[in-house]
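Undergrad: Model the full structure from these sequences, guided by the hints.
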Amino acid sequence: MNFPDFIKRDFSLRSFNTFGIDETASLYMEVKTVDDLMQIYRHASLMKVPRLIVGGGSNLLLTGHFDGLALRMAMKGMHIEREDKEYVYVSAAAGEKWHDLVSWTLKSGLGGLENLSWIPGTVGAAPVQNIGAYGAELKDCFFSLKAFDFEKGILIELGKADCRFAYRSSVFKNALRNRVAIVEVTFALPKSWKPNITYAEVEREVKRRGITGPTPEEISEIIVEIRQRKLPDPAVLGNAGSFFKNPAITAERLSELKINYPGMPAYIQTDGRYRIAAGWLIDQCGWKGRRMGNAGVCETQALVLVNHGRASGADIATLAKAIEKEVFDRFAIRLEPEPVFV
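Read in UniProt numbering, the sequence shown has 227 at position 227, and its numbers run on one by one without any break.
Each hint should be verified, as a subset may be incorrect.
Here are the simulated distance ranges between beta carbons [claimed, not checked]:
no.: 1; residue 1: Phe6; residue 2: Glu151; range: 18 to 26 Å
no.: 2; residue 1: Arg42; residue 2: Asp162; range: 48 to 56 Å
no.: 3; residue 1: Arg209; residue 2: Glu83; range: 47 to 55 Å
no.: 4; residue 1: Gly64; residue 2: Ile211; range: 21 to 29 Å
no.: 5; residue 1: Thr198; residue 2: Asp233; range: 26 to 34 Å
no.: 6; residue 1: Phe328; residue 2: Tyr267; range: 18 to 26 Å
no.: 7; residue 1: Ile211; residue 2: Thr250; range: 36 to 44 Å
no.: 8; residue 1: Glu252; residue 2: Tyr41; range: 45 to 53 Å
no.: 9; residue 1: Ile211; residue 2: Met38; range: 45 to 53 Å
no.: 10; residue 1: Arg209; residue 2: Tyr41; range: 31 to 39 Å
no.: 11; residue 1: Gln228; residue 2: Thr198; range: 42 to 50 Å
no.: 12; residue 1: Gly213; residue 2: Ser169; range: 41 to 49 Å
no.: 13; residue 1: Glu252; residue 2: Met47; range: 47 to 55 Å
Note that these hints are calculated values from the structure, not bench results. Beta carbons: idealized from backbone N, C-alpha and C, even for Gly.
TA: Written out as structure tokens, the structure is:
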């Protein structure tokens, strides 16, 4: 099959996945403008091959060679779109690093994203996962996004309801997976900002520092410090952050488990179910710090799987399966990975 000259062949994706796994894509293109996406749409040969949309690769597990077209979203730019009585609307291009956006909003005197500080990845990838941490989720401040629709060859705009946000999920992981490429995201940041310190670890640190009215900057600083203390730097030890979702169980099942595990941490949800800390389950099974060859579990956070240098994506997947089995055998709870397996 003939492909245009602007497409690179047999391209290594090692630099574009935080596990640092050296797998290749048959075809590759760096996307800097919407016109780049239109070029793909106009070439029938490119429209016939599978697509993989890549941001920072912090939620990606490459388990082998990708026989298709990898598109790395590299669009740049951040600006204040507009404001009204309640919100300031901030827009950022898909290729911007997520934490760079958080830092920029804080320097601009805007709160709302501080609880999501230091999360790896890009702005364009953030809605796909509906990233969340320390008592907040992306959807809390999300307003809209623009995406290129490969089926129609046009730019579309989606609001919050269109995105079908759920716990670590969205329409982009389901019905629109690889059909659209997110190019810009807009957030509604509240003018009447209130601190969110509902997460126990953050609340404890605020009290320890003697802060009575924390600012967005102070909350961000605390969260960055916590994350850096607990999570390994992907540049030093390859990882994708939290590897498993926190599973949800019924109140009845929780009561049964509490008989044998009274210290099991559980957090009630709006639907009446409880989320269990997946890291706690894994730790109880003795996996923290363990290795299977070059794939292992982080010594400081059992929820993080790591690449000790030469692990393949298949090695990481095998380790994940072993953990899932042991957790299920012991607790009858199924763990679900967060990363996308390719």
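Undergrad: Now tell me, hint by hint, if it's right for this structure.
TA: Results for each hint:
1. Phe6 - Glu151: 18 to 26 Å: holds (22 Å)
2. Arg42 - Asp162: 48 to 56 Å: Since the Cβ atoms of arginine 42 and aspartate 162 sit about 26 Å apart, the hinted range of 48 to 56 Å is violated.
3. Arg209 - Glu83: 47 to 55 Å: violated (32 Å)
4. Gly64 - Ile211: 21 to 29 Å: violated (49 Å)
5. Thr198 - Asp233: 26 to 34 Å: holds (27 Å)
6. Phe328 - Tyr267: 18 to 26 Å: holds (21 Å)
7. Ile211 - Thr250: 36 to 44 Å: About 38 Å separates the Cβ atoms of isoleucine 211 and threonine 250, which means 36 to 44 Å holds.
8. Glu252 - Tyr41: 45 to 53 Å: Because 51 Å falls inside the window, the suggested range holds.
9. Ile211 - Met38: 45 to 53 Å: This hint holds: roughly 50 Å between Cβ atoms.
10. Arg209 - Tyr41: 31 to 39 Å: violated (52 Å)
11. Gln228 - Thr198: 42 to 50 Å: violated (21 Å)
12. Gly213 - Ser169: 41 to 49 Å: Violated: the Cβ-Cβ distance is about 35 Å, outside 41 to 49 Å.
13. Glu252 - Met47: 47 to 55 Å: Given range 47 to 55 Å: holds, Cβ gap about 50 Å.
In summary, the structure is inconsistent with hints 2, 3, 4, 10, 11, 12 from the numbered list given earlier, while agreeing with the others.
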